[in-house]
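Just need the whole structure built from these sequences, with the hints factored in.
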Amino acid sequence: EPEVTQTPSHQVTQMGQEVILRCVPISNHLYFYWYRQILGQKVEFLVSFYNNEISEKSEIFDDQFSVERPDGSNFTLKIRSTKLEDSAMYFCASMTGATREQYFGPGTRLTVT
Amino acid sequence: AQSVTQPDIHITVSEGASLELRCNYSYGATPYLFWYVQSPGQGLQLLLKYFSGDTLVQGIKGFEAEFKRSQSSFNLRKPSVHWSDAAEYFCAVGALSYNTDKLIFGTGTRLQVFP
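These protein sequences, in sequence, are chains F and W. Quick note on numbering: the working numbering labels position 28 of the first sequence as 733, and the sequence is numbered without any gaps. Quick note on numbering: the working numbering labels position 3 of the second sequence as 1120, and the sequence is numbered without any gaps.
Note that these hints are calculated values from the structure, not bench results. Keep in mind that a hint or two might mislead.
[Claimed, not checked] Pairs of lysine-lysine, BS3-like flavour, derived with a Cα cap of 30 Å: (1) F/Lys-762 <-> W/Lys-1166; (2) F/Lys-762 <-> F/Lys-783; (3) W/Lys-1166 <-> W/Lys-1185; (4) W/Lys-1166 <-> W/Lys-1178; (5) F/Lys-788 <-> F/Lys-747; (6) W/Lys-1166 <-> F/Lys-747; (7) F/Lys-747 <-> F/Lys-762; (8) W/Lys-1178 <-> F/Lys-747; (9) F/Lys-747 <-> F/Lys-783; (10) F/Lys-747 <-> W/Lys-1185; (11) F/Lys-762 <-> F/Lys-788.
[Said to hold, decoys possible] Here are the computed distance ranges between Cβ atoms for each label pair: (12) F/Arg-805 <-> W/Ser-1187: 21 to 27 Å; (13) W/Phe-1168 <-> F/Ser-714: 30 to 36 Å; (14) F/Thr-781 <-> W/Pro-1232: 42 to 48 Å; (15) F/His-715 <-> W/Thr-1147: 38 to 44 Å; (16) F/Asp-776 <-> W/Ala-1146: 33 to 39 Å; (17) W/Ala-1146 <-> F/Thr-781: 28 to 34 Å; (18) W/Phe-1168 <-> F/Gly-721: 41 to 47 Å.
[What the hints assert, rightly or not] Computed, partial: chain W to chain F, Cβ under 7 Å: (19) Leu-1161; (20) Leu-1163; (21) Thr-1224.
Note that the structure is a prediction, hence the values are computed from the model and not measured. Ideal placement from N, C-alpha and C gives every residue a C-beta, glycine not left out.
Here it is, written out as structure tokens:
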């Protein structure tokens, strides 16, 4: 069964450093998402991406964040200058559009020290 | 604004007992509703969804949920819980537009199952 994959599973970085979180969505999916979950809190929407552009972003998704689909298979989330409060589990999700079911990856745990 | 409330933070049941997890939503139009499960260290797995039609929907792993418009609720049920059902359960509403479909999640209910 096809699944969404994410790498790395855990990333530790120092405050102020840039990180790139990578996702490989399910191959025939057209809609892509990033969500995050701070430890002990609910899952929060960050950004949606469709037709090679951002379709919606949340207040959390400020200028420090960017997304890219560089090669038709990968979908990346970049944080330019990490802060302590960026420490969270980041989930990638993808969807066909026909079923409106989002399939989630296993997540990348980002720890900013 | 759209929102989802899961009033129970933590529920403990005995294996074999029945289960009901509560979810209330606030949404201006007909909602798309979902239940996801997250096992420790895992991602989110879709249990079931409601879009329209029959208000009682069946999902995977023996779960079902009932949409009640009058109560703005979408409660998840299982007649007999197994130890492997111990996990965190999230209710979500789909805030739809033609090019986004972001999900708004509740705070989750952690289910503990005693043998």
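Verification of the supplied hints:
| no. | hint | result |
| --- | --- | --- |
| 1 | F/Lys-762 <-> W/Lys-1166 | holds (24 Å) |
| 2 | F/Lys-762 <-> F/Lys-783 | holds (14 Å) |
| 3 | W/Lys-1166 <-> W/Lys-1185 | holds (14 Å) |
| 4 | W/Lys-1166 <-> W/Lys-1178 | holds (14 Å) |
| 5 | F/Lys-788 <-> F/Lys-747 | holds (19 Å) |
| 6 | W/Lys-1166 <-> F/Lys-747 | holds (19 Å) |
| 7 | F/Lys-747 <-> F/Lys-762 | holds (17 Å) |
| 8 | W/Lys-1178 <-> F/Lys-747 | holds (23 Å) |
| 9 | F/Lys-747 <-> F/Lys-783 | holds (21 Å) |
| 10 | F/Lys-747 <-> W/Lys-1185 | holds (24 Å) |
| 11 | F/Lys-762 <-> F/Lys-788 | holds (19 Å) |
| 12 | F/Arg-805 <-> W/Ser-1187: 21 to 27 Å | holds (24 Å) |
| 13 | W/Phe-1168 <-> F/Ser-714: 30 to 36 Å | holds (33 Å) |
| 14 | F/Thr-781 <-> W/Pro-1232: 42 to 48 Å | holds (44 Å) |
| 15 | F/His-715 <-> W/Thr-1147: 38 to 44 Å | holds (40 Å) |
| 16 | F/Asp-776 <-> W/Ala-1146: 33 to 39 Å | holds (37 Å) |
| 17 | W/Ala-1146 <-> F/Thr-781: 28 to 34 Å | holds (33 Å) |
| 18 | W/Phe-1168 <-> F/Gly-721: 41 to 47 Å | holds (44 Å) |
| 19 | Leu-1161 | holds (4 Å) |
| 20 | Leu-1163 | holds (6 Å) |
| 21 | Thr-1224 | holds (5 Å) |
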